[in-house]
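Sequences listed follow chains A, B and C, in order.
Under this note's numbering, the letters of the first sequence match residues 1 to 327, in that order.
Under this note's numbering, the letters of the second sequence match residues 1 to 157, in that order.
Under this note's numbering, the letters of the third sequence match residues 1 to 774, in that order.
Everything labelled a hint here was simulated from the structure, so no lab data went into it.
All figures in this text were calculated on a predicted structure; none of them were measured in a lab.
Think of the CB as a built atom: it goes at the ideal place given N, C-alpha and C, for glycine as much as any other residue.
A hint or two may mislead.
[Claimed, not checked] Computed beta-carbon distance windows for the label pairs: (1) ARG138(C) with ASP140(A): 27 to 37 Å; (2) LEU56(C) with ASP140(A): 27 to 37 Å; (3) TYR125(A) with PRO130(C): 17 to 27 Å.
[Unchecked claim] Simulated pairs of lysine to aspartate or glutamate, EDC-like, Cα-Cα distance not exceeding 20 Å: (4) LYS703(C) with ASP151(B); (5) LYS467(C) with GLU540(C); (6) LYS467(C) with ASP502(C); (7) LYS772(C) with GLU540(C); (8) LYS703(C) with GLU147(B); (9) LYS703(C) with GLU150(B); (10) LYS703(C) with ASP71(B); (11) LYS119(C) with ASP138(A); (12) LYS119(C) with ASP4(A); (13) LYS772(C) with ASP426(C).
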Amino acid sequence: MHLDPFELHRPTTVDEVVRLATELAGRFDYLAGGTDLLPNYKMHLNAKPHLVALEDVRELRGHSDSRLGAMERLADLEADRTFGRTHPGLTDAIGEVATPLVRSSGTVGGNLLVDTRCFFFNQSYFWRSSLGFCLKADGDRCHVVPQAERCYATFSGDLAPALLVLDAEVEVAGPSGRRRLPLGALYDPGGDGIRRTRLAPGDLLVAVHLPPGPPGRRARYKKLRVRPSYDFPELGVAVAGAWDSERVRSLRLAVGGVETLPRRFDDLTDPLVGTPLTPEAVNRLADEVQRRVRPVHNTFLPPDYRRRMVGVYVRRAFAEAREGSAG
Amino acid sequence: MSSRELLSFRLNGHPVEVPCPSPRVLLDLLREDLRLTGTKRGCDLGTCGCCAVLVDGRPTLSCLTLARLVDGRSVETIEGVSPPRGLNPVQAAFVAHGATQCGFCTPGFVVTATALLRSNPRPSRAEIERAISGNLCRCTGYIKIIEAIEDAARTEE
Amino acid sequence: MPSSEPGPYRLLGGRIPYVEGPLKVTGRAEYTDDIQRPGMIVGRLLRSPWPHARLLSVDVREARALPGVLAVLTGDRYPTPFGVLPITHDETAIAVGKARYIGDIVAAVAATDELTAEKALSLVRFEVEPLPEYSDPRSGLSKVAEPIHARGLLGSNIQKEVVQHFGDVDAAFARAAVTVRFRGRFAGVTHAFTEPMATVAEATPDGRLTVWSATQVPHYLHRALSEVLEIPMHRIRVIKPEVGGGFGGKSDPLPHEIVCAALALETGRPVKILFDREDVFYTNHGRHPTQNDVRIAADADGNLLGYDIEALIEGGAWSSFGTVTTYYNGVLAMGPYRVPNFRYKGQRVYTTKPPSGAMRAHGGTNLRYSIELALDALAEKLGTDPFDLRLRNALPPNSTTINQFRITSTSFVKCLTAVRERSGWDAKFRRLPYGRGVGLGCGFYISGSNSPIHFTPKMPQSTVHLKVDMDGGIAVHSMQADIGQGSNTLLAAIVAEVLGVDLERVHVQRVDSDVSPVDLGSYSSRVTFMMGNAAREAAESLRDRLVAAAARTLGEPAETLEVGHERIGVRGRPDRFVTFLDALHAAMETSGALTASGSYRSPTMGGTFKGARAGTAPAYSFAAYVAEVDVDVETGAYRVPRLWAAFDCGRALNRLAVEGQIEGSIHMGLGQVMGESMNYRSSRLLNPSLLEYKIPMPQQMPKVEILLVGDDDPEGPFGAKEAGEGPLIATLPAVGNALYDAVGVRFSELPITPDRVLRGLDLRAAEHRPWKGA
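This is chain A alone, in the form it adopts within the complex (with noise of 0.2 Å):
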């Protein structure tokens, strides 16, 4: 298999690329750890003339207790193991993602932005072209949901649930300067299902910083598959907060790699503050998430199993949440 051909940039600041990223309009990729984008390019799925590799760009490095560089590898903080009983959900979705051999270069911010997918999207262009192209690429139409005028690819994922209920915030870097925003702003629901994000051109994605948690705070990422390395999710369920059977303090709650965007259910959630986390309250919580998430048939597992299981992964995550040992 080949990649046709594209200029490279290899820029080393986070103003240069931010430079490049605005002139290049449209016309390029970020390239972080390369497992995603290359298997897309060699499949020829949207390439674009230039890749603008973020390799060298030493501030999207490194991560601490409380930010996460977006070119940091997973491999890395999978390897931190005081940040990982520091961040006991994060970790679990860190170490579930693909293979060891992909987190060795997979990074944070190219698991956030990761392509979504499809069965009908994740093929060679030969096999689209015998299809006939999607609206995803090549195409207008949609395989998986005739007549649909949005894209249903699925977001695949792991960090992002888990992200979300820690209250992450990111950091982007654009023409107008930096700017921080909460993780779930950084997903636009109201788009196509393509364009997923509301990262304006020229805009970067810097950094992911963690929020001080409350005191006592437990988290969980649990994550369907059919093995228990490579495959993307099925589905994921984060759980974060601090309860305990007499009062919840805190909870937020979000779920992936069922819909086109991973999503958090405050409204779910909030109202649960200040009440005891009772057996009961959980199921309910679980049903509602349950009956509101929409999966679609475009992956291995059919739709209404994935579905059924989000009540039980629901359960499960409330049931298996560990205590971070700093808050």
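Dock chains B and C against chain A, hints included.
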């Protein structure tokens, strides 16, 4: 930036300079331009692990690594992991335990296992299983591969 | 660890590391894609984007005019049909007249580089007429508008129909105390070897053609090349480099191999065709998607009275081994139990999908799943233990089945006894809590086919040549194909064993049709048995001449001599010997370098009715496995934490290799149970990738305990039988029956994915049938 500028990096301990266009991945550079054919192409899409090499000591899918991005870095392939004569402990254990059958996945496993034992000299069985869970083997059911890595860990102590 | 009994042999019966292991662990073993020839160019294939289409016209002018393009081929250039079975030659190197599936090869290009070749392919213009798509085999059972092949039965898409009846099945069912029925449905699965297919071909000015290819059966490739390219076999040289796994997927002569040679002939340049992983999936030849229906009758004591079996087998676009498959899906029911009455109807139907073919434990796997699950249902109805039912019905040694299979050695009863004890069966069966269970599955497979393809039974199925010269190194030539299973190692070990020499003296040469005598290659689990016997005969012939020379040197009668380690000496007189090298040099005084040849012919066997040879084998393997499962009843996910595998391969000649074959077979069998499947939307393969084709991970493997309990087979080399394919079969029903023990559902649709487990549990709950109190 010219599209065929010289790429220079350390390959198996020795500096090399080679012209390399931007879209070339490291696997193609190694196999086709440098004729180091020990690194195998099983899928070209990061889903088999046959092409694993070490980049700055880190196990890496060479099929998904732009060759130009190893500029100035150190790359170790199966040829570099192998001593000039004989076998390293991981390789010797793979032979003794029958951890090779068709052998096509073997260089990737040897590279991955070598990196594992460098960072974790006494891995548990679960850690071994996890470390190799990005390398596919269709012949062995992994059992003898895991035994070989456990044995190599004991030998290397 | 397997049971271990010290055997009478110096090497055989031990754990012999693979002879090519050091080359493989260092990346030095040479596979086809590692071959580089001077001036080599690239061949690429254009595949049909249409499931079924008439090719009305093709325009290749633009493609041919592209700079860097050296040849463009379409089907009309080499239209001679071929196929692995002489009776079903329905393939062509490149589609002629019609394209029959998405992925069918419709044109080929040779160019200086990959990009140019791909560009050229995009410039080939076809005018086509779309034809009806036949993605469901049932739609092809009667006359269709446009048969996929003209040879379909009576205008249908039926490629082969087999009807057999032995005894009187209706009478058996009429007098039965108990009958059971199990209907299984099996998705297609594929070999998924790690090395994609690759071929290099070079035509030279001396009028010869050399082809290097990743093949399991160099000889059939040799024949197909000759037939299609119309070049006599002696002007074609086929070389088999290391092969990165085959499992049956590299046993047919494949179209791209012929195309590659054709491009080399057309251009005069060496040409390489290397497959992408997607190409491998389109080439397939994997296990047939199958629907079977097994009915079993027994008397009140549990004696089996008869089987009534039907199978609908989906062939995809070509015949491949399909005629054999159609027979095997019935006749491989003939063991490991006595079956006094037997009726079978099997149909293999073409569909507009990638061709099915031979995959490890070909024809015996899906059938066995259904039989073994039916037998457990029978045992339950009879109120008897699954082991007891099987023990009661075990085929005895030295018997003949109702369809006249000759059974010689069987250690099936020992398999059952050993695995029952080691697995702790009696304490676990129906006694583990809800969600956990144990299951028994058994196996039976041919140790080589008695009926060789392309040969009369009078021709040997395997020949081995030895040559030894001054240096004392022994060169071994044979066209047996080591594809990772360790046949080179066994060949070397047998020669070394017989001659008493160190293994390092023996050098198994690369398969090269110019020098390797014909062996039919690696399929039907034939190599150990057939090549092993040929190797033994060759080595014994060489040994006899060395002993004669030693007798002359020592001045002792040859009958008093024996072969020791690197020496030949007088029996009982440790001081009276000559070294191997001295004996060799003495023997060479009269003839120079010594050569020897050995061969193997399968004995005459089987009945005289139509299809009687199908499934006849010089020996059969037997297996009894117990699997333990642990089901998460809320998600339907399950694990197989333990598996005990009792296997009768006769004497295990290389325990390392036998264990490796069993462990690998269990992995592959588990894959078919747990998640592997070729998923289609109509005729379109949805998952042609190693990401979406779900091969099990290390964490999914059970702890495996292997019990090698076989007695020596009377005809196998040193008592050995096959261990390459049979070990897969019992895996599937052992898990299937364990799932029943765990949750009370007999799953009939494979793979048994978590969603299917939950559906099964839902159905059971809806019927208010509690299981183990749940």
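Comparing the hints with the structure gives:
no.: 1; hint: ARG138(C) with ASP140(A): 27 to 37 Å; verdict: holds, 35 Å
no.: 2; hint: LEU56(C) with ASP140(A): 27 to 37 Å; verdict: holds, 28 Å
no.: 3; hint: TYR125(A) with PRO130(C): 17 to 27 Å; verdict: holds, 21 Å
no.: 4; hint: LYS703(C) with ASP151(B); verdict: holds, 17 Å
no.: 5; hint: LYS467(C) with GLU540(C); verdict: holds, 13 Å
no.: 6; hint: LYS467(C) with ASP502(C); verdict: holds, 16 Å
no.: 7; hint: LYS772(C) with GLU540(C); verdict: violated, 60 Å
no.: 8; hint: LYS703(C) with GLU147(B); verdict: holds, 12 Å
no.: 9; hint: LYS703(C) with GLU150(B); verdict: holds, 15 Å
no.: 10; hint: LYS703(C) with ASP71(B); verdict: violated, 44 Å
no.: 11; hint: LYS119(C) with ASP138(A); verdict: holds, 18 Å
no.: 12; hint: LYS119(C) with ASP4(A); verdict: holds, 12 Å
no.: 13; hint: LYS772(C) with ASP426(C); verdict: holds, 16 Å
Going down the numbered hints, you'll see the structure goes against 7, 10, while the others check out.
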